[in-house]
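Visitor: Residue-level listing of the chains:
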Amino acid sequence: MLPGMPARRATVTEAVAHIRDGDTILCSGFGLVGAAMSLLEALATQSTARDLTVVSNNIGEPGRGLGVLLRQGRIRHGISSYFTSNPEAVAAVNSGAITATLLPQGTFSEAIRAGGAGIGGFFTPVGAGTLLAEGKEQREIDGVLHVLEAPIRGDVAFVYADRADELGNLWYRKTARNFNPLMAAAATLTIAEVREIVPVGALEGESIHTPHIYVDLLVQSDDR
Amino acid sequence: MLPGMPARRATVTEAVAHIRDGDTILCSGFGLVGAAMSLLEALATQSTARDLTVVSNNIGEPGRGLGVLLRQGRIRHGISSYFTSNPEAVAAVNSGAITATLLPQGTFSEAIRAGGAGIGGFFTPVGAGTLLAEGKEQREIDGVLHVLEAPIRGDVAFVYADRADELGNLWYRKTARNFNPLMAAAATLTIAEVREIVPVGALEGESIHTPHIYVDLLVQSDDR
Amino acid sequence: MTADDARRAIAARAAAELKPGEFVNLGIGVPTMIPDYIPAGSEVFLHSENGIIGVGPRPAPDDVDPDLIDASKLPVTELPGVSFFDSADSFAMIRGGHVDVAVLGALQVSEAGDVANWAVPGRDVLGVGGAMDLVVGARRVIITMTHVTSSGEPKLVPECTYPLTARACVDVVITDLAVFRFVGGRLTLTELMPGATLDGVAAATSARYATAL
Amino acid sequence: MTADDARRAIAARAAAELKPGEFVNLGIGVPTMIPDYIPAGSEVFLHSENGIIGVGPRPAPDDVDPDLIDASKLPVTELPGVSFFDSADSFAMIRGGHVDVAVLGALQVSEAGDVANWAVPGRDVLGVGGAMDLVVGARRVIITMTHVTSSGEPKLVPECTYPLTARACVDVVITDLAVFRFVGGRLTLTELMPGATLDGVAAATSARYATAL
Chain C
412 MLPGMPARRA
422 TVTEAVAHIR
432 DGDTILCSGF
442 GLVGAAMSLL
452 EALATQSTAR
462 DLTVVSNNIG
472 EPGRGLGVLL
482 RQGRIRHGIS
492 SYFTSNPEAV
502 AAVNSGAITA
512 TLLPQGTFSE
522 AIRAGGAGIG
532 GFFTPVGAGT
542 LLAEGKEQRE
552 IDGVLHVLEA
562 PIRGDVAFVY
572 ADRADELGNL
582 WYRKTARNFN
592 PLMAAAATLT
602 IAEVREIVPV
612 GALEGESIHT
622 PHIYVDLLVQ
632 SDDR
Chain H
412 MLPGMPARRA
422 TVTEAVAHIR
432 DGDTILCSGF
442 GLVGAAMSLL
452 EALATQSTAR
462 DLTVVSNNIG
472 EPGRGLGVLL
482 RQGRIRHGIS
492 SYFTSNPEAV
502 AAVNSGAITA
512 TLLPQGTFSE
522 AIRAGGAGIG
532 GFFTPVGAGT
542 LLAEGKEQRE
552 IDGVLHVLEA
562 PIRGDVAFVY
572 ADRADELGNL
582 WYRKTARNFN
592 PLMAAAATLT
602 IAEVREIVPV
612 GALEGESIHT
622 PHIYVDLLVQ
632 SDDR
Chain L
131 MTADDARRAI
141 AARAAAELKP
151 GEFVNLGIGV
161 PTMIPDYIPA
171 GSEVFLHSEN
181 GIIGVGPRPA
191 PDDVDPDLID
201 ASKLPVTELP
211 GVSFFDSADS
221 FAMIRGGHVD
231 VAVLGALQVS
241 EAGDVANWAV
251 PGRDVLGVGG
261 AMDLVVGARR
271 VIITMTHVTS
281 SGEPKLVPEC
291 TYPLTARACV
301 DVVITDLAVF
311 RFVGGRLTLT
321 ELMPGATLDG
331 VAAATSARYA
341 TAL
Chain Y
131 MTADDARRAI
141 AARAAAELKP
151 GEFVNLGIGV
161 PTMIPDYIPA
171 GSEVFLHSEN
181 GIIGVGPRPA
191 PDDVDPDLID
201 ASKLPVTELP
211 GVSFFDSADS
221 FAMIRGGHVD
231 VAVLGALQVS
241 EAGDVANWAV
251 PGRDVLGVGG
261 AMDLVVGARR
271 VIITMTHVTS
281 SGEPKLVPEC
291 TYPLTARACV
301 DVVITDLAVF
311 RFVGGRLTLT
321 ELMPGATLDG
331 VAAATSARYA
341 TAL
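Chains as they are written, first to last, in our numbering: chain C, 412 to 635; chain H, 412 to 635; chain L, 131 to 343; chain Y, 131 to 343.
None of these hints come from the bench; they were simulated from the model.
Just so we're clear, the structure is a prediction, and the values are computed from it rather than from any experiment.
Treat the hints with caution; some may be incorrect.
Sample of chain L residues facing chain H (criterion: CB under 8 Å; computed from the structure) [to be verified]:
1. Phe-153
2. Ile-183
3. Glu-208
4. Pro-210
5. Gly-211
6. Val-212
7. Ser-213
8. Phe-214
9. Phe-215
10. Ala-222
11. Met-223
12. Arg-225
13. Gly-227
14. His-228
15. Gly-267
Listing some non-contacts, in silico: residues in chain C with all C-beta distances to chain Y over 12 Å [stated by the list, open to error]:
16. Thr-422
17. Thr-456
18. Val-479
19. Asp-573
20. Gly-616
The C-beta atom is built at its ideal place from N, Cα and C for all residues, glycine as well.
Model the full structure from these sequences, guided by the hints.
Guide: Okay, here's the thing in structure tokens:
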């Protein structure tokens with residue numbers, strides 16, 4: 412979140428102009444559900460930013476979502492729980508075209524939450540004693556081996572919401588919520604692609620999933 | 412959460428019969444807002460459980476909520492961010508009648524969340540280098556001093572919700588949400604006092620704050 | 131018995147392990163067949179780690195909702211009382227011990243209850259998903275797998291040779307030949323599947339195990 | 131000037147520090163008077179750590195909603211676009227650096243920007259609330275306080291003698307005598323309050339400071 416700015420409306424073109432070479436981008440979505448497809452398309456077609464680190468549960472699918480950016484050779488590093496859903500991402504790691512950090516999905520989620528929540532690190536029992544804990548600090552807590560995991564933050568987050576009000580409060584539909592609230596909180600600049608923008612007051616205060624404090628730019632989705 | 416049981420309806424009397432001597436009870440509420448007042452009253456008048464550890468942002472008010480239990484001498488230890496809102500709690504600590512653990516409110520909240528979320532501990536910059544970090548592990552992370560905090564769990568949680576469906580899904584109203592979702596997730600037995608019980612399906616899936624996986628007993632509130 | 135029959139027999143047997151009121155997470159593969167064998171009204175609540183409790187059956191093609199999928203990324207329906215939550219909350223549920231049962235496939239299970247189910251040495255080690263979280267966090271871990279690999283190698287082994295998912299976390303193993311439980315920490319054959327024999331199981335198992343039918 | 135006038139002057143001056151679009155947390159005491167001095171339509175969004183963004187004015191007695199309070203445990207109203215969240219999420223916002231400004235009272239501020247505002251030695255050290263989280267987490271920390279204690283002791287001191295809330299976290303100090311900022315890490319007097327003099331400030335301040343009016 413940038414300091415002192417309410418969410419502003421922007422076009423996808425204006426939005427992706429913020430992405431710089433070397434940026435870390437948090438990309439929401441479980442597979443392509445809840446992914447900001449219009450922003451990803453604009454990033455592929457209207458931006459030349461490269462050497463990107465992408466933090467995303469999957470690296471898109473072949474030729475779809477982040478998969479386009481991968482084919483363009485603009486991804487330098489991926490942080491993910493499941494590269495395997497895009498065979499081209501696996502091939503890119505194996506050929507050395509990109510580097511990879513693999514995390515258990517719960518650790519991946521919790522690390523992004525920690526990044527947004529100002530937590531310096533956390534101990535989890537998940538992955539302790541396995542290949543994925545190699546090189547990380549491990550210790551027994553109450554007799555159970557835990558591994559210390561670091562927070563994850565991004566320069567930019569691409570999130571997708573079904574509805575936003577004009578302030579930038581977000582509401583996610585069904586399982587499209589997934590990583591969106593975590594990523595919205597963990598980036599310096601949070602760009603929300605939304606299906607529908609409603610007047611202030613149209614969302615119930617108890618039902619807002621991401622308060623507008625986390626949202627910098629609102630972009631109308633052209634995905635559906 | 413007890414294994415393998417959907418939320419069951421119970422009277423306050425049946426509910427407080429689960430409390431044993433020496434139990435740790437997570438008591439929600441910021442002041443008395445969002446506190447399970449019917450359960451607290453039943454605990455005071457219909458149970459003799461003693462040597463209790465109470466985890467609550469405040470130890471009630473004089474003669475109200477947890478303040479009644481305090482007067483009865485049934486609290487052994489308090490974990491709180493603000494004992495000061497009940498002068499009798501302060502006096503009890505100073506006389507040695509109860510022992511106290513003071514935590515910054517954000518650390519208190521995060522520790523309960525960690526307890527429910529299976530996190531073994533977390534580093535926070537808050538409190539590092541102060542009196543409240545004494546005796547705790549501290550380390551610099553990215554140049555900032557952090558303190559390691561442990562998770563908090565309870566034997567029982569008393570939570571208060573405005574609405575529950577018959578499965579035990581909970582919905583909290585306005586600022587009465589406060590510690591309720593955290594505490595509901597961090598106890599072996601979670602007892603929810605609710606203003607209104609509605610049919611299954613009456614709460615929107617996206618709006619449920621505490622899924623019924625966390626709720627063991629549902630009690631009708633007689634507080635309002 | 132065809133391979134599909136074998137898989138269906140495993141799924142049906144696994145379904146019988148689930149008790150009313152339990153919150154259950156079903157992994158990909160054989161576990162996704164389990165809902166077909168859960169009687170209606172049994173009050174087994176299905177959790178999927180992408181953020182839902184109250185998963186219903188697969189929809190008819192015309193009823194697919196693009197925002198409603200399970201962890202296999204396939205369309206599902208929702209049951210009354212459904213709730214949705216984000217991924218951090220979902221894995222808080224799993225890691226925090228709130229999910230009663232996880233049913234998953236495996237590549238190997240050791241006689242100590244270790245499980246390997248995410249990676250094959252020498253092949254890509256680039257997808258783990260929620261497997262580690264589920265076997266560590268769920269109160270009861272049920273492994274469903276064919277008894278041997280496609281080349282006939284035992285999967286119930288003295289020690290896992292594949293990269294571990296977690297140590298000492300398995301409670302029940304259901305294969306096309308038998309059901310095993312860890313009784314007092316010891317791998318124990320407790321039931322033969324229809325048509326299987328004790329000798330057949332012994333020949334197909336390299337792990338040491340007790341027998342208590 | 132009465133004590134209440136002095137407090138109101140501090141609150142009015144603090145209000146002028148807040149910029150449109152900022153998310154602001156107001157502590158107890160003088161900061162609670164600040165909303166009276168924020169012009170309508172200024173788009174300053176008030177956060178209260180018990181779980182709300184969009185705090186409105188105090189309600190008329192007949193309009194009190196028992197479920198709608200601020201961190202002082204007093205009734206408030208809600209503005210359009212209000213959102214509610216739990217305490218872990220609220221402090222994630224604070225600690226994670228999402229709240230732009232925290233305005234709090236203090237017992238002492240040191241010339242290094244340390245603040246002590248939760249405990250007096252020899253008295254009860256049993257209430258800290260959200261003070262530590264706010265001064266560590268907020269992007270900008272504005273301290274509002276009377277320049278000296280009721281017994282005339284300076285509160286702007288070389289080194290805090292009261293238990294610390296946090297080190298090197300203060301950005302602006304507004305008292306009844308002056309406004310100070312940390313400029314290049316150095317405590318700097320930047321403005322005199324109406325009626326105050328440089329000599330008067332110097333006499334009431336034991337911290338070393340630069341002057342840049």
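Visitor: May I ask you to check that C:Val-479 keeps its beta-carbon over 12 Å from the closest beta-carbon of chain Y?
Guide: Fine: 31 Å to the nearest Cβ keeps C:Val-479 off the interface.
Visitor: Grab the minimum C-beta distance from L:Ile-183 to chain H and call the hint holds if it beats 8 Å, violated otherwise.
Guide: holds, 5 Å
Visitor: Identify whether the interface hint at L:Phe-153 stands, where standing means a beta carbon of chain H within less than 8 Å of its own.
Guide: holds, 5 Å
Visitor: Just to be careful: measuring from the Cβ of L:Ser-213 to every Cβ in chain H, is the smallest value less than 8 Å?
Guide: The hint holds - L:Ser-213 has a Cβ within 8 Å of chain H, the shortest such distance being about 4 Å.
Visitor: Quick one, is the L:Gly-267 hint okay against chain H at 8 Å, beta carbons?
Guide: holds, 6 Å
Visitor: Holds or violated: is the Cβ of L:Met-223 closer than 8 Å to a Cβ in chain H?
Guide: holds, 6 Å
Visitor: Using Cβ atoms only, decide whether L:Ala-222 comes closer than 8 Å to chain H, and label the hint accordingly.
Guide: Holds, because the Cβ-Cβ distance from L:Ala-222 to chain H comes to roughly 3 Å (cut-off 8 Å).
Visitor: Was the hint right that L:His-228 lines chain H, CB cutoff 8 Å?
Guide: holds, 5 Å
Visitor: Have a go at the L:Gly-227 hint: is there a Cβ in chain H nearer than 8 Å to its own Cβ?
Guide: L:Gly-227 check passes; min Cβ-Cβ to chain H is 6 Å, inside 8 Å.
Visitor: Hold the hint about L:Phe-215 up to the distance rule: shortest CB distance to chain H must be less than 8 Å.
Guide: holds, 7 Å
Visitor: C:Asp-573: least C-beta distance to chain Y exceeds 12 Å?
Guide: Non-interface label on C:Asp-573 holds, nearest chain Y Cβ at 16 Å vs cutoff 12 Å.
Visitor: Taking C-beta pairs only, is C:Gly-616 more than 12 Å away from all of chain Y?
Guide: violated, 4 Å
In summary, the structure is inconsistent with hint 20 from the numbered list given earlier, while agreeing with all the others.
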